[in-house]
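S.K.: Below are the chains, spelled out letter by letter.
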Amino acid sequence: MQTNADKPELTLNPGVKSRPQYPPVSLNPAAQCQVFIARKNTTGDKAGALLKPLMDEAEKSEKSLNIIPLVVGEDGDVISMSQLPQTISSLPLASSFYLAGTEAFIWDVAKLICEAGFIMEQVHLLPPVNNERRLFCTHCYAITEPVTHSPAVCSGCGRHLLVRDHFSKIHRAYVGVQIDAEDPADLPEESEELC
Amino acid sequence: MSKSMIPVRVASVRDVAPKIREFRFTAVDQALPAFSAGSHVMVEMQGAEKTYRNAYSLMSDPADISSYGIAVRLQDESRGGSVFMHTQVQEGDVLNIAPPANLFAPHWAAKKHILIAGGVGITPFMSYLPEMKRRNADFELHYLYRSAQTGAYRQQLSEALGEKYFSYDSDHGQQCIVHQLLAQLSPGAHVYICGPESLIEAVKTEAATLGIPAGIIHYEEFAAPKPGKAFTVSLASSGQQIAVDGESSMLEALEEAGVEVANMCRGGVCGQCVTGVKEGIPEHRDDFLSAAEKASGQCVMPCVSRAVTDSLTLDL
Amino acid sequence: MRTAPAKLETFRDDFTYTNSKEAIERFPFPFPEDEYAYSVNIEPHTLPGPAGSVNEFLFDIDEHYLSEMAERDLVLKENPKRCLAMPHMEPACWDFIDRAMTTMSADYPDYFKLEKNGDQWHWQNLLLKLDDTFTFGDSSTLPCPPMEYMGRQVQGDIALLDQRDGDLFLDAGIVTCPADWSLAFDAGMSFKEWHGPVPMAHEMGVFDRALKYLTAIPVDRPVRRLNWTLTVNARMDTSPETYPMWGAENRSVTPENVGEKVYLRVELQVLDRMARSNALMFSIRTYLISMDDLVTNKDWARRMHRVMKNLPEPLIDYKGLTHYHQILVDWLAKYDPVN
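Chains A, B and C, in that order, give the protein sequences. Read in order, the letters of the first sequence correspond to residues 1 to 195 in my numbering. Read in order, the letters of the second sequence correspond to residues 1 to 316 in my numbering. Read in order, the letters of the third sequence correspond to residues 1 to 339 in my numbering.
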């Protein structure tokens, strides 16, 4: 039987190309509008800290740049996810976007940006602030999040899912496949700590 | 490749501008395949001395495949193909064409399409326009030409497109200010250019200056084979020596000598004709091989590339 | 003329699927050499191919037609999301209908009949007893969405790839007999993204090369390649969706039952340009042959042993052969005494 401690922490596998890569981000000096979007975080402002050097650089730039910081959250003082599309659609074509937050968040925002007519070339994703993943169950198609360990229990069908490094930009999620299907006798222990 | 060609009859020939001639092709024994907006066909021309093969955009409505239309500009630095089309090809003649392929399709998800044509570069857009109207797509056509030489179809375009049509006749001092054109674009716009390299470069440069992403700028990447110095090709298997004159491409010289090399675009794009190099240094002119492959000198695309050295031994 | 479609066989539960002698003879054995090397190995699919071979026509209709269509119906009834088409793929779906109906009625006039009167098409599928009249291009005149309508009448899985930005996107398809990939999850992915899990291939740059080749494919000039894996039992639907139902079967192989339990699964993959939409059709036609049937051909038996014995470890894992690979190699050894 497996115990929780045996479960491997999710790690990067550079050989798999459908796991998004997050190369270092630099400011696009040609953009007319620099847009910084971060997820408000209750446990410290990791996303804001990631964006700070880029924002400082943009402010120092000789070009008179239009700098737009957007913090997304559910409180009254910040912009909500549902307000974001309207804000994005009012921006000029020559905009560059810099996104920081959890992996699911930055891809959710990237999707909104592309729906407004911008292209991924204009969207710069900072490395996710933690290892939380969104998981797509390949058996019942339910979404489970956040997931930090593998195997994880599916919120839809309750199966124990191996989290694979295969990412979909449409679902903004990783695929999960039942880990004990070949040998039903070897069921890992269920644990509330998984989610 | 001759077995994969489609014979077509030249149904009509007419001049549509001082230096541009339009040809209509109809089926001989097999129906013409359907095609998509932006497609091109390769036309084979049997000259007395050599066979010419040029790629031309289909300029007819994709919804009507009873005939294909192409328009050929008489090129000042012609390698022979456009001269042949202008002087030798007549109504009733039968030519061979390759089936349509498309490396310049509209980006249908765009919210607005900005078409920029230079001279005979209007041709692919002639197939775009009816399709865009059918799909209720939002578009503008910006047509740059010199009325003393080009400017085909401008009357009909002006009437059909109304306020979506913008023309610039440089023989009458009318200039297209690319900067202004690009500066007013909104998110979701995609730009398509077909015309001389200088026009493509001008648009790309202005876009970069304005901070417009390169990915919304589309252009036909064909590098028509350009002349160079003469050299000799040796075939590794037989030792056969084939002379490539300055006006012919390596692929044409091989075909003239009866050597079959798989090929498709004949413009350095598709990669079908990649051939191994045993000796000699190639002069790469294609858009297909990676920088590392080019540097290795171990393969070459004979459709557009030539030789630095006086001879090149190919793995054929 | 190939063997007419036989009576219904099953690809699940009691697994009554069998191959006739003719089906074994025309099986597309995928290994040109003793050593297995991953390559894109694309070649022109020149039509018509050799008479009676799987390459003769664009869509190969064989003795398993009715059985495979019945199996597809079972899969779609269990999970309708095994077929999907994004809204912008509507023109490509109609291209697929045109291409399939036009070629199948010409290639198999005894089974399929098509009459065109302008936009009014009359289609008869005598095998499935369908007789439909519809307006070409108008999906409301079909009994079900166009992807599903035609997908239910051809053997093998079909994906329609949208071509844009020099890349190919998996935006429509009917996938009921995949070798362990999910259309629902992979939908919308680019060529490289959906090949993500293939080990080693990226490093070889094969996908960059293949992509340039594929985007330049002209109308009416299809290309093909073969792919393979192994399957325990004659199960067509080895999808991730249903993996909980069949995963345990991978442990059911013993030295005694290898010959009847283990199947070589070969995919004849054909890529064909859709004329009006510029989409690329990717048809994945799956053939299954049991080891017992395969070794009736001595050359195949010997080569199968050599290829399996030398298979690199990452591929054994990727293809899901871990539990029975060694049992199979040991069983095949008797057909290759010198090795």
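Take the hints with a grain of salt, since some may be wrong.
Listed below are the simulated PhoX-like cross-link pairs for lysine-lysine, each with C-alpha atoms no more than 25 Å apart in a straight line [to be verified]:
{"no.": "1", "chain 1": "C", "residue 1": "LYS77", "chain 2": "C", "residue 2": "LYS7"}
{"no.": "2", "chain 1": "B", "residue 1": "LYS112", "chain 2": "B", "residue 2": "LYS204"}
{"no.": "3", "chain 1": "C", "residue 1": "LYS192", "chain 2": "A", "residue 2": "LYS111"}
{"no.": "4", "chain 1": "C", "residue 1": "LYS81", "chain 2": "C", "residue 2": "LYS113"}
{"no.": "5", "chain 1": "C", "residue 1": "LYS7", "chain 2": "C", "residue 2": "LYS116"}
{"no.": "6", "chain 1": "C", "residue 1": "LYS212", "chain 2": "A", "residue 2": "LYS169"}
{"no.": "7", "chain 1": "C", "residue 1": "LYS21", "chain 2": "C", "residue 2": "LYS334"}
{"no.": "8", "chain 1": "A", "residue 1": "LYS169", "chain 2": "B", "residue 2": "LYS294"}
{"no.": "9", "chain 1": "B", "residue 1": "LYS204", "chain 2": "B", "residue 2": "LYS111"}
{"no.": "10", "chain 1": "C", "residue 1": "LYS192", "chain 2": "C", "residue 2": "LYS21"}
{"no.": "11", "chain 1": "B", "residue 1": "LYS294", "chain 2": "C", "residue 2": "LYS212"}
{"no.": "12", "chain 1": "A", "residue 1": "LYS40", "chain 2": "A", "residue 2": "LYS169"}
{"no.": "13", "chain 1": "C", "residue 1": "LYS81", "chain 2": "A", "residue 2": "LYS111"}
{"no.": "14", "chain 1": "B", "residue 1": "LYS204", "chain 2": "B", "residue 2": "LYS164"}
{"no.": "15", "chain 1": "B", "residue 1": "LYS229", "chain 2": "B", "residue 2": "LYS204"}
{"no.": "16", "chain 1": "C", "residue 1": "LYS192", "chain 2": "C", "residue 2": "LYS212"}
{"no.": "17", "chain 1": "B", "residue 1": "LYS111", "chain 2": "B", "residue 2": "LYS164"}
{"no.": "18", "chain 1": "A", "residue 1": "LYS60", "chain 2": "A", "residue 2": "LYS46"}
{"no.": "19", "chain 1": "C", "residue 1": "LYS7", "chain 2": "C", "residue 2": "LYS21"}
{"no.": "20", "chain 1": "A", "residue 1": "LYS169", "chain 2": "C", "residue 2": "LYS113"}
{"no.": "21", "chain 1": "B", "residue 1": "LYS226", "chain 2": "C", "residue 2": "LYS212"}
{"no.": "22", "chain 1": "B", "residue 1": "LYS278", "chain 2": "A", "residue 2": "LYS111"}
{"no.": "23", "chain 1": "C", "residue 1": "LYS7", "chain 2": "B", "residue 2": "LYS294"}
{"no.": "24", "chain 1": "C", "residue 1": "LYS192", "chain 2": "A", "residue 2": "LYS169"}
{"no.": "25", "chain 1": "B", "residue 1": "LYS50", "chain 2": "B", "residue 2": "LYS294"}
{"no.": "26", "chain 1": "B", "residue 1": "LYS294", "chain 2": "B", "residue 2": "LYS226"}
{"no.": "27", "chain 1": "A", "residue 1": "LYS111", "chain 2": "B", "residue 2": "LYS112"}
{"no.": "28", "chain 1": "C", "residue 1": "LYS212", "chain 2": "B", "residue 2": "LYS204"}
{"no.": "29", "chain 1": "B", "residue 1": "LYS164", "chain 2": "B", "residue 2": "LYS112"}
{"no.": "30", "chain 1": "B", "residue 1": "LYS164", "chain 2": "B", "residue 2": "LYS226"}
Since the hints were derived computationally from the structure, they do not count as laboratory data.
S.K.: Now look at each hint and say whether the structure bears it out.
M.R.: Status of the hints after comparison with the structure:
{"no.": "1", "hint": "C:LYS77 / C:LYS7", "verdict": "21 Å, holds"}
{"no.": "2", "hint": "B:LYS112 / B:LYS204", "verdict": "18 Å, holds"}
{"no.": "3", "hint": "C:LYS192 / A:LYS111", "verdict": "19 Å, holds"}
{"no.": "4", "hint": "C:LYS81 / C:LYS113", "verdict": "30 Å, violated"}
{"no.": "5", "hint": "C:LYS7 / C:LYS116", "verdict": "31 Å, violated"}
{"no.": "6", "hint": "C:LYS212 / A:LYS169", "verdict": "23 Å, holds"}
{"no.": "7", "hint": "C:LYS21 / C:LYS334", "verdict": "23 Å, holds"}
{"no.": "8", "hint": "A:LYS169 / B:LYS294", "verdict": "34 Å, violated"}
{"no.": "9", "hint": "B:LYS204 / B:LYS111", "verdict": "20 Å, holds"}
{"no.": "10", "hint": "C:LYS192 / C:LYS21", "verdict": "39 Å, violated"}
{"no.": "11", "hint": "B:LYS294 / C:LYS212", "verdict": "16 Å, holds"}
{"no.": "12", "hint": "A:LYS40 / A:LYS169", "verdict": "22 Å, holds"}
{"no.": "13", "hint": "C:LYS81 / A:LYS111", "verdict": "23 Å, holds"}
{"no.": "14", "hint": "B:LYS204 / B:LYS164", "verdict": "22 Å, holds"}
{"no.": "15", "hint": "B:LYS229 / B:LYS204", "verdict": "31 Å, violated"}
{"no.": "16", "hint": "C:LYS192 / C:LYS212", "verdict": "12 Å, holds"}
{"no.": "17", "hint": "B:LYS111 / B:LYS164", "verdict": "15 Å, holds"}
{"no.": "18", "hint": "A:LYS60 / A:LYS46", "verdict": "22 Å, holds"}
{"no.": "19", "hint": "C:LYS7 / C:LYS21", "verdict": "16 Å, holds"}
{"no.": "20", "hint": "A:LYS169 / C:LYS113", "verdict": "42 Å, violated"}
{"no.": "21", "hint": "B:LYS226 / C:LYS212", "verdict": "22 Å, holds"}
{"no.": "22", "hint": "B:LYS278 / A:LYS111", "verdict": "49 Å, violated"}
{"no.": "23", "hint": "C:LYS7 / B:LYS294", "verdict": "57 Å, violated"}
{"no.": "24", "hint": "C:LYS192 / A:LYS169", "verdict": "13 Å, holds"}
{"no.": "25", "hint": "B:LYS50 / B:LYS294", "verdict": "29 Å, violated"}
{"no.": "26", "hint": "B:LYS294 / B:LYS226", "verdict": "18 Å, holds"}
{"no.": "27", "hint": "A:LYS111 / B:LYS112", "verdict": "19 Å, holds"}
{"no.": "28", "hint": "C:LYS212 / B:LYS204", "verdict": "23 Å, holds"}
{"no.": "29", "hint": "B:LYS164 / B:LYS112", "verdict": "12 Å, holds"}
{"no.": "30", "hint": "B:LYS164 / B:LYS226", "verdict": "35 Å, violated"}
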